[in-house]
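**Student:** Chain residues, written in single-letter form:
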Amino acid sequence: MKYLHAVVLLTALLAPSSVWAVQPDEMLKDPTLEARARALSKDLRCMVCQNESIDDSDAPLAHDIRVLVRERLKAGDSDAQVFDFLVARYGEFVLLKPPLSWHTAALWGLPPAVLLIGAVIILVDLRRRRTAAQASEEKANLTAAEEARLAELLHGGSAP
Amino acid sequence: MIPELGHYALMLALGLALIQGIMPIVGARTNDPVLMNIATSTALAQFVFVAIAFGALTECYVFSDFSVLNVYENSNSAMPLIYRLTSVWGNHEGSMMLWVSILAFFGALVAFFGTNLPATLKADALAVQAWIAAAFYLFILATSNPFVRIPDAPFEGQDLNPILQDPGLAFHPPMLYLGYVGFSIAFSFAIAALLEGRIDAAWARWVRPWVLGAWMCLTIGIAGGSYWAYYELGWGGFWFWDPVENASLMPWLAGTALLHSAVVMEKRGALKVWTILLAILTFSLSLIGTFLVRSGVLTSVHAFATDPTRGIFILAILVAFIGGALALYAWRAPALKQGGLFAPISREGALVFNNLFLTSACATVFVGTLYPLALEALTGDKISVGPPFFNSTFGPLFIPLMLVMPFGPLLGWKRGDLLGAAQRLLTAAMLAAVAIAAAFALEHGGPVLAPFGVGIAVFVMAGAVTDIAERTMILRIPFGAALRRAIGLPRSAWGTAFAHFGIGVTLLGIVGATAWGGERIAAIKPGDTLDLAHYRLTFDGQFNRTGPNYRDVVGHFTVRRMSGELIGAMEPSRRTFPARNMATTEAALMTRGLSQIYLSLGDANPDGTVSVRLYFKPNVLMIWLGAVIMFFGGGLSLSDRRLRVGAPRPAKVRAALQAAE
Chain H
0 MKYLHAVVLL TALLAPSSVW AVQPDEMLKD PTLEARARAL SKDLRCMVCQ NESIDDSDAP
60 LAHDIRVLVR ERLKAGDSDA QVFDFLVARY GEFVLLKPPL SWHTAALWGL PPAVLLIGAV
120 IILVDLRRRR TAAQASEEKA NLTAAEEARL AELLHGGSAP
Chain E
0 MIPELGHYAL MLALGLALIQ GIMPIVGART NDPVLMNIAT STALAQFVFV AIAFGALTEC
60 YVFSDFSVLN VYENSNSAMP LIYRLTSVWG NHEGSMMLWV SILAFFGALV AFFGTNLPAT
120 LKADALAVQA WIAAAFYLFI LATSNPFVRI PDAPFEGQDL NPILQDPGLA FHPPMLYLGY
180 VGFSIAFSFA IAALLEGRID AAWARWVRPW VLGAWMCLTI GIAGGSYWAY YELGWGGFWF
240 WDPVENASLM PWLAGTALLH SAVVMEKRGA LKVWTILLAI LTFSLSLIGT FLVRSGVLTS
300 VHAFATDPTR GIFILAILVA FIGGALALYA WRAPALKQGG LFAPISREGA LVFNNLFLTS
360 ACATVFVGTL YPLALEALTG DKISVGPPFF NSTFGPLFIP LMLVMPFGPL LGWKRGDLLG
420 AAQRLLTAAM LAAVAIAAAF ALEHGGPVLA PFGVGIAVFV MAGAVTDIAE RTMILRIPFG
480 AALRRAIGLP RSAWGTAFAH FGIGVTLLGI VGATAWGGER IAAIKPGDTL DLAHYRLTFD
540 GQFNRTGPNY RDVVGHFTVR RMSGELIGAM EPSRRTFPAR NMATTEAALM TRGLSQIYLS
600 LGDANPDGTV SVRLYFKPNV LMIWLGAVIM FFGGGLSLSD RRLRVGAPRP AKVRAALQAA
660 E
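Taken in order, these protein sequences are the chains called H and E. Residue 0 is where the first sequence starts when you use numbering that gives the first Met the number 0, and the numbers rise one by one after that. Residue 0 is where the second sequence starts when you use numbering that gives the first Met the number 0, and the numbers rise one by one after that.
If you are wondering where the hints come from, they were derived from the structure by calculation, not from laboratory data. All values derive from a computational prediction rather than experimental measurement. Accuracy of the hints is not assured; some may be wrong.
What the hints assert, rightly or not - The calculated BS3-like cross-link candidates involving lysine-lysine, where the alpha carbons are at most 30 Å apart (straight line), are:
{"no.": "1", "chain 1": "E", "residue 1": "LYS336", "chain 2": "E", "residue 2": "LYS413"}
{"no.": "2", "chain 1": "E", "residue 1": "LYS336", "chain 2": "E", "residue 2": "LYS266"}
{"no.": "3", "chain 1": "H", "residue 1": "LYS41", "chain 2": "E", "residue 2": "LYS266"}
{"no.": "4", "chain 1": "H", "residue 1": "LYS28", "chain 2": "H", "residue 2": "LYS73"}
{"no.": "5", "chain 1": "H", "residue 1": "LYS41", "chain 2": "E", "residue 2": "LYS381"}
{"no.": "6", "chain 1": "H", "residue 1": "LYS73", "chain 2": "H", "residue 2": "LYS41"}
{"no.": "7", "chain 1": "H", "residue 1": "LYS28", "chain 2": "H", "residue 2": "LYS41"}
{"no.": "8", "chain 1": "H", "residue 1": "LYS73", "chain 2": "E", "residue 2": "LYS266"}
{"no.": "9", "chain 1": "E", "residue 1": "LYS524", "chain 2": "H", "residue 2": "LYS28"}
{"no.": "10", "chain 1": "E", "residue 1": "LYS266", "chain 2": "E", "residue 2": "LYS413"}
In isolation and in its complexed conformation, chain E is listed as follows (with noise of 0.2 Å):
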């Protein structure tokens, strides 16, 4: 019964995506405000619909209905709540449900606080978010059915893949498409904007709040993914250029690059076009992305090839929006008015530059991508674009970025003192040699350009705190006044500051981890010792445990100083799951400040040893502490006054609104 309700309700969704989709929309065109309000009204509905499949599916996952086969084959009973409750989005069919279910909440967002937008404007937005929801409302329906039944019920169901077992699913899915699907916002206002072929100001105003909420929610969900592939996967990598990580890291690009010129056009009413186009590519990327991972198109051309159903689905989709929207765009986008000079050095032409080199670094990580697809589809050569082709690329795109970075906030609007810039930027420089010759004295070994690296990150973050020094005059005002200035500057000020530091603060983290991190792999005996950095681990043995659905072997080791000091214990084990016959290991985590110890445990050997593996991962833990950084620089900008308080009331946005044709 409880299925059935939730596949009903999906398909009142999509009854009400399609009046969604068309009314409000005729109401535009004729002005009519009773159509044009229905787009509110069907927006909530809609919400309430998914949410109630959505409810469903998870009723069906914590109460184990295996009747149902996709619970059948992804839960088991034995579980612990909160992974049934996480098994839900651990599949095709559920994820694709979440996919649904967010999007249906940001629509009901916009219809219920976007009161004070223009109610055309509204109306289209809304019509446009309609048009996204039924595509992916028909692809479940007709592809992807979480709610199918099984005749004969089995009594158990076949767990949920082990390695998704884990705390890290319960938050990286839904933070991701958090991402993902919140850039659909600035999608459907930019579609918006074209229909109604007329952009201003207020309209960067309007879509900066939910473009800033999807990049927090993105920056935060990578972050969270890359965190849980380094502790899960068991050799302390934490970036893989994976082509699904990819698929994350193009949208957030894009999305830096969006929210970066969005400022443009909202201060300067320049970049309009641009931004507009920035808002299509960053939503495309987000679809691409769910295309990628969803299609089955990565194992191998081949294998999209012998299932297409839901592969040709999501390409219809992808085709037919990005074909759309970009059509509209060629077709509207030269009506619309170009507005706001400025001279090349200027706050306008940092932010330009910014988004040259995140388009640059985004092109690349989309060609890297899907290159070696489309050779083999084209020419059926097989060649494979990993991680040293990345670096290689990836790298000396972000380079000039990140040392362009502290003089943006620096230079003024529309014709900025670089000399100016550079004067105030002297101390943020001279810690940066420091940190270069600390490196060069201190580390020993790694690569030559590691130093450098530090020399960057050190530059970035002392380019933030000098950001804030200038605005709050600190050292040269009295400290009250100063504070006082502090407290008065704009939230988004402190926002940019924190999330640039942020940045710097993850590039420390990356360089320490990768160039100056150690390695010991060993087979080992109880009472064997290991010794790295500073550290001896002794191995004193293996025991058995059991969970509740696995059964573990775990080693256990004790951690001294190298002057012999007690430090504690690490318990590494090999996790075994029966219901799937597969097994995991769980290393063994010990935070030393902000680097890791990492310890992970192999197989036993047939001469009575275990492999393990050793790590020690100097400031790791800055990767993942900078994004969490950028995530609380977002969350200030948000908060900041002049978007909480929203954007001028409708009545003068009218007056102020051009018609460009």
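Looking at chain H on its own, in the form it has when it is part of the complex (with noise of 0.2 Å):
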């Protein structure tokens, strides 16, 4: 059964038993508020589902997570204070997007590292390749001396 979801792209936790995420009751009164803490939501893991936002999440514990948020933001915290709240009480594991530290360094690292070795290998190679043929080009130029043999070469083969 646990290998039955993956056989479509995505999981079978993302359908419980109702299929619902934020709930009208716990939307607050005010607008933007509001939209900040949908916002937020979208960056935040629901810790007992799988890669989920609490936004999408209809587990228990995504609603719990969405009405702190929403007490945060009324009380008056900053984003990245309710931000920080949430990784106090819960851990790094609940960001969906890891701040830079050492042990994400090689995580936000590679992308842009695999772009600049990748052009830094594609320029050297295209130099090297070049300046080889222009020297088996130089190569391949005939001296002075044989291009004298070479015109009596052909003069004489046509007239032996």
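Starting from the two chains in their separate frames, assemble the complex, guided by the hints.
**Tutor:** Written as structure tokens, this is what we have:
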């Protein structure tokens, strides 16, 4: 059974008994605060789900965190303060976008590194092969003596 | 009897694969045509036996033979025929059967149509194909046998997971697997070329149709999965950066790069060594995708550790094939001859740029998907890598790719004229500027960058049109003459233009649906109305409905324009499946042009109201329409004369081949 969900793109865990995320009764009256809450929710992970944000998840835990986020916002917290509060409480696992630190350096560094190293390899290879081609071209060029000998052979060939 | 027949046929297929994996290689080394020809007959026979095994399993599902454990666990006699058929691959064992069936099918195609291949290359490639097949037959027989019986056969099965009871499942996994497994042909040919120690432009010509076919299937398979998630999961998202999705995106990115580098190799004889590496990497990523999805490692590192047999078996297959292939590459590739010089500004240069960015994007998805697993396994730290990470790393890599894309086809081979290409793209750039201005003027709200997304999409689309306009010289010569030129254009040129145009269409859909969509979440009573975008929905009430193996609670909504004009009705429902005691939401979709109104019904609340979610998704259909256009473009390219006629005859080829050692 546990392999079954894997057949399709998404997991069975994504479709529990009621497919509901943000509930109408959770939402704040103030539309600006609610919009901020929704934006924050998209970057927060429901820790009991598979890669789902609390905005999408209908797990009870996600509900609790959604309510918590809205409580903090109502209390006047900034976005950063809400994140800090949740990280202090649940650990970095709650953030869907891991902050840059020593243990995520490779994660954030790899994409630009691949791009840069790839670009350098391509440029170096291109230059090396062009100089190599030029060198072989120069080698292929005949000296004056060879030219003369060639002309002689060609003319000599037609009239032996 | 039938399941035993299937089981036996699978074992025979394994035996045949073992013969096919050894004899032809020996034949190719000793130049023995009899041994080499074994590959053709065994590949065809292998396909027959795998087809028998797959047919046997299908028979068990269609006639609901619950004495077979796999059928009992994943089917139910009340399910409609189409779901009894699709549940064959709606589970682990069955999907592996589908995997090997497609593998054997491709092997048989190479054996049957590869009459113009050099004998040794064909023998070696089919032998490599047989190694892959043998490994997966062993995997199925040892850890995932779908033909296991239950001593006391139950009367009824446990039903297929409700979210998989969807027509999309009839189409999405087979297409995805056709894509994954299709890349195995490129892999086998790459290994065969390394074994032979020689490679030339004709190799690219043989391999390209397979890569193109696999790429087409993968494209449409991914798009199908995305559409399925969109309407089935009930909140209107179309891409979640879920590891399972990423597992299919990585081979697509690498395969797209391979498709482009193979063009350079075929036309100019350059990038040979890189193309071989990409062929190996693309199939390796398909294998890694299979491993990620099949081993349970994604659920958690611990879930993997509790039942590791299957995971470790696939991991062993992975290590053997990827490690072996890369080791062979490291050993033999330096001996392969490089060829074809080009200036940085040239068609080749543009295609190298494409490869650099696609490979980097692929590496980004790879590290984002596997980093949390690796970190947890190594240090025990748990981190999450979700959509915000991918959006902020993948996006910046794709923007330059899209901006350079229209230039590529306009640049000449070897040495291109950048200024000339830019001049020819002036109209496209102006159209893009107009689109950006229009988006700023017409749309309010949404991210500031969204109009620029529209601009890039329009530039890509107009660039594809420019390419065709330049080639046909339309507007510059009489229309009839331009039409004749258009008909005379190679189909691959049309294919390129369509595929590139499709990318633009998809981007436009993504930007529209994510930036300017509307959303209403509300608890409503019958008689209440919801306004969104230009529409007003009235909730008329709920009623019950019974399906073959489920019960529906249906909400009825009347949709009107704001002016009061009646448009139609929408009926979203909550569906309960008694066999598994599970429920799904069946969203209602109403298509308005390329946009959609999306409505899903939530639970009834104690106060008598019902929660509903209503979305307006502008241009959302363009996301998948773009993929269909890409698929069509691939098909045009595949039907190109030079691929249809096939590669040069063997005799000519042998003269052209140059030994690298």
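**Student:** In ascending order, which of the hints set out earlier in this document are inconsistent with the structure?
**Tutor:** 3 and 8
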